[in-house]
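Undergrad: Chain by chain, the residues run as shown.
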Amino acid sequence: MTLDLVMAGVIAFGVMMYVLLDGFDLGVGILFPLAGDEAERDRMMNSLAPIWDGNETWLVLGGAVLFGAFPKAFGMLTSAFYLPLMLMLAGLVFRGVAFEYRFKFDDPRWWNRAFFGGSLLAAACQGLVLGAYVQGVGADEQFDWLAPFPAFTAVAVVIAYALLGACWVVLKTDGPQAETMRRRGRRLLLASLACVAIVSLWTPLMSADIATRWFAWPNLAYLAPIPMATALTAWLTWRGLGRNGHDALPLAAGMGLFMLTLLGLAISLWPWIVPRSLTVFDAGAQPESQQFIAVGIALILPVILAYTAHNYWVFRGKVSADSGYH
Amino acid sequence: MEITALLLSRIQFGLTIGFHILFPTLTIGLALLLIAHEGLWLATKRAIYRESCRFWARIFAVNFGMGVVSGVVLSYEIGTNFAAFSEATGNVLGPLFSYEVLTAFFLEAGFLGIMLFGWDRVPRWLHFFSTVMVGIGTLISAFWILAANSWMHTPAGFSMQDGVFFVEDWWAIVFNPSFPYRYAHMICASLLTTAFVAAGVGAWHVLNHKQAEFGRMTLRLAVLTAALLAPLQILLGDLHGLNTLEHQPMKVAAMEGHWNTDTGVPLLLFAIPDQAAETNHFEIGIPEITSLILTHDLDGEVKGLTEVPPEDRPPVAPVFWAFRVMVGIGVLFLLLAWSGVVQLLRGRLYDGAGLNRHLLRGLILASPLGFVAVIAGWLVTEIGRQPWVVYGLMRTADSGSATVTAAEVATSLSLFSIIYSVLLVVFVFVVLRMMRTAVGTGPQPSDNTAAAQGQPA
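Chains S and X are the protein sequences, given in the same order.
Here the first sequence is numbered in this note's numbering, starting from 1 and rising by one per residue.
Here the second sequence is numbered in this note's numbering, starting from 1001 and rising by one per residue.
Since the hints were derived computationally from the structure, they do not count as laboratory data.
Honestly, I wouldn't trust all of these hints.
Said to hold, decoys possible - Pair ranges (Cβ atoms, derived):
#1 Leu263(S) x Ile1017(X): 36 to 42 Å
#2 Met1(S) x Glu1246(X): 40 to 46 Å
#3 Glu1002(X) x Val295(S): 44 to 50 Å
#4 Gly317(S) x Arg1348(X): 52 to 58 Å
#5 Tyr222(S) x Ile1017(X): 47 to 53 Å
#6 Ala248(S) x Pro1368(X): 46 to 52 Å
#7 Ala1172(X) x Ala216(S): 47 to 53 Å
#8 Glu1246(X) x His310(S): 44 to 50 Å
Stated by the list, open to error - Counterexamples of contact, computed for chain X against chain S with all Cβ distances above 12 Å:
#9 Leu1040
#10 Ala1047
#11 Arg1124
#12 Ser1130
#13 Leu1228
#14 Pro1249
#15 Ile1286
#16 Glu1311
#17 Leu1332
#18 Leu1344
#19 Asp1351
#20 Gly1392
Unchecked claim - Covered by chain S, according to a simulated footprint, are these stretches of chain X (three or more residues, beta-carbon under 8 Å):
#21 1104-1113
#22 1161-1174
From the three backbone atoms N, C-alpha and C, an ideal C-beta is built for every residue, glycine too.
One chain only, chain X, in its complex shape (with noise of 0.2 Å):
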């Protein structure tokens, strides 16, 4: 392959998007169980409920930072590097980006500096509604931007001259067919992920401080509330899937694997998919289950990807894995997540002589692979979509900025190639130590002791 100043351009746009999106994913989450502890605090006035918002709010408030600073690079990349690209669709995508800064950035940015420097500085009522505005600063940002990435795989409510994009219809461009399936899928993703970063951290709290109450009172909520959701996730993802087969069945044939148009199609444990041969190496199948998943019928005809020319099919292997990796994770996750529910009723999750150990290391070592599925679930989504920018309709290869030469997008690709390992392995560091922190259960601090020491809290 030729090193193009398009093909760079498109590496670097991977590298910062997949980069930027761990942080709105845990922000999302994040932003909810702030909601959910402050106000049991404001009900209850338990202190263990201040002590977590204390605690996680030092952690979002890291990660909220991150997901700022790389986000404004993506908001400049789709000029500087994807120009053709944003004269084209200038007219559709750049409307639903103004209001995503209008109706979520400035929302978070206006409420953020309250709800993490003002407990001493505005009555408590005025502090949770800054948090509820944050909150809903993050899902109406998602809301935004997931419009407009689902516009480009499934565009409707326009008309097209001379290769630009007209709109005609701004209802049909924001909801249009994949956007409701995509927004579930990933707002549900950001809260299992966050569920089980929080499962994590409370199962370490058990095994580590086994006073404190906080770390039961975080692996019971997170694992009640991953309980709920990881199934429901694999519901969303099936109906997510079927909207995909649907619009985008090149899309589905590549997560499949499935290269010729068939009845009573397997499902594939492993496969080498082989793109130049049109065929799969040391396929393990389970027979008539693909059939059966994508058209509720065990014979029912499943498209293959040989029904269009080889320039319009996507590259089959990284989606296939891609695939594999996102579904074998949330599995897992319900498995982990039912296993702890029942330990909970059998009242061995955290107490006492009968504590299961094992399934409290399990939920430490999984805590970060929500962030690894909502990467491969995205590498399903983007690879899938090729070669198309707008599906169907502008091709990747007619994205890029005339003007801009490979050695420029070699030298930004490496600048943030660097900046971006050392700023995740600080981030890291960082939060893992802030996770580590013990959580005091003493007598209930007033909020002004706290603030007055000067904790974003």
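This is chain S alone, in the form it adopts within the complex (with noise of 0.2 Å):
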């Protein structure tokens, strides 16, 4: 019971960690061919190259301590999302050998359709996923993820990712590059905020639970500041993508938008695994194993995030476009 918890704390935080980490770095991708060149865009990849493989690392730790800790919803979710999960990993596959034969090639355009293509079909994916899993799903069901809401959120994710990546190529660019950004981003926020509120409508709509999670007393109350911490993040993107606004504040007060969206959403969703099928009490393996992953967690995780963090720092400051791959 208590390990349960434990383990879907777990596995919201890779979540988070990797919607934050690869959001903007897929974001990077969605924004690439509005580079103005070619120099531009080797700054872009440059400033990735790095770090992006540790980004999608989480991607891979939530899926083993998904099948570690609940295997049941392990199989069901990632059977039932089997088109868009194959096509989310052809994309990545893309995007992920872009940034190896990009500078190998005299012409880069095919590898720079690949780096984009490759981004905007996993972040799409992605939200399809999501979108889907909000939905929820019967035992023994496909997932419909052909259908309205699902294509919303797939729209919403790829502007949301292209956000981030505005953000980061803020605080990693200098000069036109990073103004031209800070518009760019600006447009992109107004954009994901719509996204914000029309899904903050439509999911009460479509789900008399959640509707009575967020709308019923006392709840309301208690909820009330994450909306209106979401408005504060979003007035501190906008004031730090400003003209001479600040490096790196949009990039942080973006992430810290994306992390009270999911926060609003796990709370939607509670106590589902298998949104309306599996709870997180029912979907638990043995007791021995979920312990074993956590001791594991517990000792290796917090060494993880420290040269995670030291790495980040190694290649911190502005990207010039002959450093990294070549």
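Got two chains here, each in a separate frame; can you build the complex from them with the hints?
TA: Written out as structure tokens, the structure is:
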């Protein structure tokens, strides 16, 4: 019981880390075709070169811990989302190899396309899966991922990742490239907020449970800080993205916005691990397995966070076009 | 055979894992090569080692990237295509995979950036430390994934209720009976494959850039390494085979094309196994040698495939042939490596007029064969384990995903077939071009200059 909660917390943390880190990573890929020239694209890619692999590892951690701690949910969810997941993996393959091959060919255009297309496909498929997940599923049913709500969340995730990507580029570049990205970032922020608002209205209309969770008294009072904090982070992101705004604030505030959105989704869906079908308390592995994983997490995760932070620290600062790959 | 979602899923898994294993095989060997050369550079300050690190690190980067992207696919396929298997084995295998991510993948990812791009950003000791961490990460990764794979071959430390495996003893699960043999055999395969890749590269450079020290140094080191590892690998393979005989006798029977339990069993050099007729056609064999190898007695009794009912037998022909391919390459490697040492001792491996061009060309042609042997070896062990996915306990036929249709799997299978074919061609093209790049032996460049030019080395 307690272990189920701990494991659900670990998976939620892994998903959050993945969305925050690979979110800006994929977002940079989505913004790739909009870059002014190849030098700008070089800088965008080199800013990611030392870190993208670690960012993607959180996705593998989420999958592996789900497999170990909630095997039933892992089998049900992954097989239910078969095609979107396969397309997502294919997208991740394309964008991953683009890092290696773009600088190996005289003409980078094909690898630019692979990097953009792969990033876009992976982000859109994650959005499809998210939407279908929130909609929920009956036992032994296929998730209905070809429906209006998942289609909308696919677009929303692409826009929101692009926002994080823009904030990352603002942090890692300077001059005209950063200034252009600030303007783009503001537009993407407005679009992202519109998406959050639409999802916040759509989900309670779609599900009476979600409506009750948020709007019944006294939940309404307890949960009120979440939309308020969301508004605050949105305002900070907007300020940070302004002309002569701060370099790091947009990314920090944008990530805060993401964390609040994820928290909102978690509150809407609790205690489901397979929405409307399996709760975290019905899907757990045997306690010995969850304990074994919990020990590993407790001992190793702090070390991972430390050397991941060190890696980001080593590669801090603005990138020049000719650092990294070539 | 009916085209089912399960059949297509198995083809897809075989294709994607067969593609993936090519890259970690080289990653493990190259990581150790890089550690050795960077260590030698720090110790001797000879520019050639620094140049060698730069040369191999570029290849390592591309190879590692391919391994990462193809590996992420596999971690999800276990759920997407084999939901019943993942629900039955999650208690046991899920934690092993979790530990692989925690102890290996993050370690590799956390230090790879510094190793490839950090020459001018961190002190030398920290760079070397990062290279060592990446190398250790590759070995830890292989540890967990082979523990999980070995457990499926020789399950231990568990109990079973309603078709679900429950953990009894973690130590017994991780160090299951076939794990030490499989781990040693695979790591040695990885090093041997890399040694032959390096030998081919060295030989090419000796033939084409005669003045360059890089070719001679690479060739000498690779040939010496291979001369040690080739016999070691044959020994490890023999031990692994005896372990298999104890736990999976039908796999060994299929490897030998041996149908009926008998004494004084011959070693078949050639045969066409006939699954339906339970016999071989066109057998050519050496009398009593299989008995000698497996029982260390010319008259030893060896169990045949007919000991179990037909539905419990693995497909014989692919196992029989893949085994011969693997062993054939192993023997060829032994001959090549030792010929290389003989020529080295005679001073004719890379020097002067007596240069043995035939041997060098042979080494170049043989350089990709390690990958063929690795694939063949995996075909032997995985097809030889059929019809079981968890040996003796869970049938492959019961492992699929109930909700996934054949059409869906056909779609993803076509997609990955196309993508992987293209990527393999690109990879070979790019890596061959990098391997042909001349390595200078001019004055030692300061590492700051190298890094400022943006070289991932």
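Undergrad: Now tell me, hint by hint, if it's right for this structure.
TA: Hint by hint, here is what the structure shows:
no.	hint	result
1	Leu263(S) x Ile1017(X): 36 to 42 Å	holds (37 Å)
2	Met1(S) x Glu1246(X): 40 to 46 Å	holds (42 Å)
3	Glu1002(X) x Val295(S): 44 to 50 Å	holds (45 Å)
4	Gly317(S) x Arg1348(X): 52 to 58 Å	holds (53 Å)
5	Tyr222(S) x Ile1017(X): 47 to 53 Å	holds (48 Å)
6	Ala248(S) x Pro1368(X): 46 to 52 Å	holds (48 Å)
7	Ala1172(X) x Ala216(S): 47 to 53 Å	holds (51 Å)
8	Glu1246(X) x His310(S): 44 to 50 Å	holds (47 Å)
9	Leu1040	holds (25 Å)
10	Ala1047	holds (21 Å)
11	Arg1124	holds (14 Å)
12	Ser1130	violated (9 Å)
13	Leu1228	holds (32 Å)
14	Pro1249	holds (31 Å)
15	Ile1286	holds (46 Å)
16	Glu1311	holds (26 Å)
17	Leu1332	holds (31 Å)
18	Leu1344	holds (34 Å)
19	Asp1351	holds (34 Å)
20	Gly1392	holds (21 Å)
21	1104-1113	holds (count 9)
22	1161-1174	holds (count 3)
In this structure, only the earlier hint numbered 12 is contradicted, and the remaining ones agree with it.
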